[in-house]
Each structure stands twice: as C-alpha cells, then as structure tokens.
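Peer 1: These are the residues of each chain, in order.
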Amino acid sequence: MQITAALPVAKMVGANRTVLGNGIVHVVGDAKATPEKEKEVRRKLVEQALSALQSDEK
Amino acid sequence: MRIVHYLNQFFGGLGGEERAGTPLEVREGALGPGKLLEQLLGGDAKVVTTLICGDNHAVENQDAMVADAIEKVRQAEADLFVAGPCFQAGRYGMAAGALCSAVQSKLSIPVITGMADENPGADLYREFLYIVDSGTNAARMREVFMTMANLARKMMSKTPIGSPKEEGYLTRGLIRDQFVEKTAGERLVDMVLAKVKGELFESEMVPTAFAPVPMPPSIKDLTKAKIMLITDGGLVPKGNPDKIQGSVATRWGSYSIDGCDDLKGEDYEISHGGYDPQFVHQDPDRLVPLDVMRQLEKEGVIGELYDEFLSTSGLANPLSNTRRMGREMAAKAKQLGIDAIILTST
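Residue numbers (this note's numbering), protein chains in the order written: chain L, -15 to 42; chain V, 12 to 357.
Hints were generated in silico from the structure; no laboratory data involved.
Treat each hint with caution, since some may be false.
Within a straight-line C-alpha distance of at most 27 Å, the following computed DSS-like cross-link-like pairs (lysine-lysine) qualify [said to hold, decoys possible]:
1. Lys169/V <-> Lys28/L
2. Lys28/L <-> Lys206/V
3. Lys249/V <-> Lys42/L
4. Lys249/V <-> Lys16/L
5. Lys231/V <-> Lys21/L
6. Lys(-5)/L <-> Lys275/V
7. Lys254/V <-> Lys28/L
8. Lys275/V <-> Lys23/L
9. Lys275/V <-> Lys42/L
10. Lys235/V <-> Lys42/L
11. Lys28/L <-> Lys117/V
12. Lys57/V <-> Lys42/L
13. Lys235/V <-> Lys28/L
14. Lys231/V <-> Lys(-5)/L
15. Lys23/L <-> Lys309/V
16. Lys(-5)/L <-> Lys28/L
17. Lys208/V <-> Lys28/L
18. Lys16/L <-> Lys275/V
19. Lys345/V <-> Lys23/L
20. Lys(-5)/L <-> Lys309/V
21. Lys46/V <-> Lys28/L
22. Lys275/V <-> Lys21/L
23. Lys249/V <-> Lys208/V
Example chain V residues on the side facing chain L (calculated, C-beta under 10 Å, incomplete) [to be verified]:
24. Gly24
25. Leu25
26. Gly26
27. Glu28
28. Ala109
29. Ile120
30. Glu129
31. Met166
32. Ser168
33. Ile172
34. Gly209
35. Glu213
36. Met216
37. Phe221
38. Asp294
39. Asp350
Since the structure is predicted, the reported quantities are computational estimates derived from the model, not experimental observations.
Just so you know, even glycine gets a beta-carbon here, dropped at the ideal spot from N, CA and C.
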C-alpha cells in the first residue's frame, strides 16, 4: 500500500490501498512536533497502513 | 480583459523549496511572468490580481486553497484565469489543474494553463481543460505564453478551437465528429500498412494510459506477515553507491537495515531534486518509517520486517522508467516471499 500526501496522483495511477501522509517533506513525520509526539504521528500512520493491508476496501 | 494569474512560490518570486509551504497570497497587478502574459495578450488585457501559493501548501491543503482562490477570482471580476505555466513541476501542475478546473466549473470563465506532457497534473486534468504543451524547458516561457494567449483569445471570442496539434495543447482524449474523404475501412488499412512497413502513422484514438490495477487480497494474519518498505523519495546510503539519479531515475537500489532500529541522517543522503530534503536529512525515519516498523516487529504486531528497503527517485520520472522499476521491485518481492509492501512517497 502507499502512504503519500499527494493522493490524487496515487489514485490516478491505480493505487488500491492508500493512506494520507503528513506532508510532502516528511510523509511519515512531523518536523513541528517534539520527537516523542512525532514518533506517535509516525506510528499512527504506519498503523493505518497496516489496517489498509488487512482490508479489502479501496 | 481582467485576468487573474496563479503562480507558485518560485515563479512568484518568493523563493525556492524553502518557501514551498507558503499559504495563498494575493498581489495586485501582474508579477514576474505575468507581465509578459499581459504584453502578449495586448489590447486591454490586464492582470488585475496575482495569486501565489507554495507548492507543498497547495498539495497538502488543496480543497481549502482552491475555495479561497475561487473567492479571490470572483472578487476580481476576472474574465480569464491563467495558471502557470508549470512545465515539469508536478505539485505546481496539480495545483494549476485543480484551480483551473474549479474556476471553470464554478465561475464559468475561460481558463488556461500549460504543462509538460508527463506532469502528473496533465493526466489528472487533461480531459477537463485546455492545457498548453509547454515542454519541460522554462526558457521557452515566451513561446508557451504566446500559445496560451492564442488559445485564451479564441476561448474569449468563442472561436472554434482546432486539434491539439494545431493549437498546441495536450490531447484531451475527446472524440470529435469530422467529415473526411476516406472511409474508416480505408483509413484503417492505410494505418495497418504503415505499421507493417515500419512507417509513422497516427492513431485516431489512443487508449487511456492507466489500466486498473487488480487489488491483491488483504492480509489475513498480520502477525505472520513479512513486510517490505519501499520509497520513491530518493533515500540512499551516503555516497549513493548505485548512483541513483535524482531526476528521471532509471535505477533503484536495495539497502540493508539488518539489525538497525533507527535510521540516522549521517548514514544517508537524498538523491531527489523535487522536495526540500532537510527534514529527512535530520531523521530519515520521517521518510522510511524503520523505527516504528522495528517496534511493531518486536511487539509481534507484524511477523517480520524484511531486512532491506528499496529506494529510487520518483521525480519527473516517465512511466517508461517507473513501470519497469515497479515490475522489477515486485519480482524481487515475490521471489523473497514478501506478503506486503508499504511504499512511502514524497
């Protein structure tokens, strides 16, 4: 599956499982957050990704 | 003729990647390339308002930014909306396409933009808009604006617009009725003969570029799954041993994360010219989420994280490269018994 901030492109080329990333420059990060908070953001996105992998919904 | 012109942070004179997060700004009158546009349109053409927005902000907040911009275009009482031209800049093209499309449908005024054929914005919006084929070379700004100006004048005077080739815009995938001398049977035979002889011929209808990708079945037991990480953000080991090109990459690499819990900036570099790499330099886990995946592996949430990540650069990359690389990566994953892939993209 794909994590990206540019979902329209992913959908256009036919990506079936997508998760909205947190921006272009740190798709699974957050430069404005504290290191601890950022890890939480990353974990949440990865968990969404893993959920998508276990789902048959587009 | 009242014109509103949209520019990104670079053409709007604010700066480069470091200003890509700039929200929508409004300026009175023409700015930068807009002045040339005014000149070429001539007559009473006047750029009354210029809208500038950072490329990252435009992609990350598209709906809100477009709604805001529509209001500004409405307030300016524009007769024409122009975006770009964007050349090869993908985020810029996406924003320009989204804006033109929305202005056209909500305000019913002529809209025009320009992009290279491979710009992601082109494929997203070519069916809905006249997108002038700008090519990739921004030094051709003047010629591109001339083509845009011609098309704009035709749209405003409701003059019928010719074929993509004649008028210089990207093919829209539209079918036009036309009377021709030869019957379809004759034209078909001519094409087949040309093809067999290895001569050039022009297809009357080109099939769409993206065939639907069948959805692989979902993972039934994540705790037993072997997962691989891939990125197109151009993260490579320091020294770029496989010399992966930052733009139009033809190569991809496979890099060991065996025994690694956390990616360190000093061990990597970024070969990708399309985004500000400073945040990923500080912590590459912001692009390839190794630290979190390792945690999940240790906790038993996933079965196994494959001990390499695959990487290339997606910047300005034509399908001829990316399709091939995708197939090669998929073949490797299949051979290794990978159950699922997480692809992180900038």
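Peer 1: Hey, Lys275/V versus Lys23/L, does the alpha-carbon distance stay inside 27 Å?
Peer 2: Roughly 15 Å separates the two Cα atoms, so the pair holds.
Peer 1: For the hint on Asp294/V, just tell me whether its beta-carbon gets within less than 10 Å of chain L.
Peer 2: Hint on Asp294/V: holds, closest Cβ of chain L at ~7 Å, below 10 Å.
Peer 1: Using 10 Å as the Cβ threshold, decide whether Ser168/V counts as touching chain L.
Peer 2: The hint is violated - Ser168/V has no Cβ within 10 Å of chain L, the shortest such distance being about 33 Å.
Peer 1: For Lys275/V and Lys21/L, compute the direct alpha-carbon distance and say whether it is at most 27 Å.
Peer 2: 18 Å, holds
Peer 1: Would the pair Lys235/V and Lys28/L pass a check requiring their Cα atoms to be no farther apart than 27 Å?
Peer 2: Holds, because 20 Å separates the two Cα atoms, which is no more than 27 Å.
Peer 1: Please work out if Lys249/V and Lys16/L have their alpha carbons no farther apart than 27 Å.
Peer 2: 26 Å, holds
Peer 1: Given the hinted pair Lys(-5)/L and Lys309/V, is their Cα-Cα distance within 27 Å?
Peer 2: 33 Å, violated
Peer 1: Take the shortest C-beta to C-beta distance between Gly209/V and chain L; is it under 10 Å?
Peer 2: 31 Å, violated
Peer 1: Are the Cα positions of Lys23/L and Lys309/V separated by 27 Å at most?
Peer 2: 16 Å, holds
Peer 1: Does the structure keep Lys235/V and Lys42/L at a Cα separation of 27 Å or less?
Peer 2: This hinted pair holds, its Cα atoms lying about 23 Å apart.
Peer 1: Is it true that the CA of Lys28/L sits at most 27 Å from the CA of Lys206/V?
Peer 2: 54 Å, violated
Peer 1: Does the structure keep Lys169/V and Lys28/L at a Cα separation of 27 Å or less?
Peer 2: Roughly 52 Å separates the two Cα atoms, so the pair is violated.
Violation of the numbered hints given earlier is confined to hints 1, 2, 3, 5, 6, 7, 9, 11, 12, 17, 19, 20, 21, 23, 24, 25, 26, 29, 30, 31, 32, 33, 34, 35, 36; the remaining hints are satisfied by the structure.
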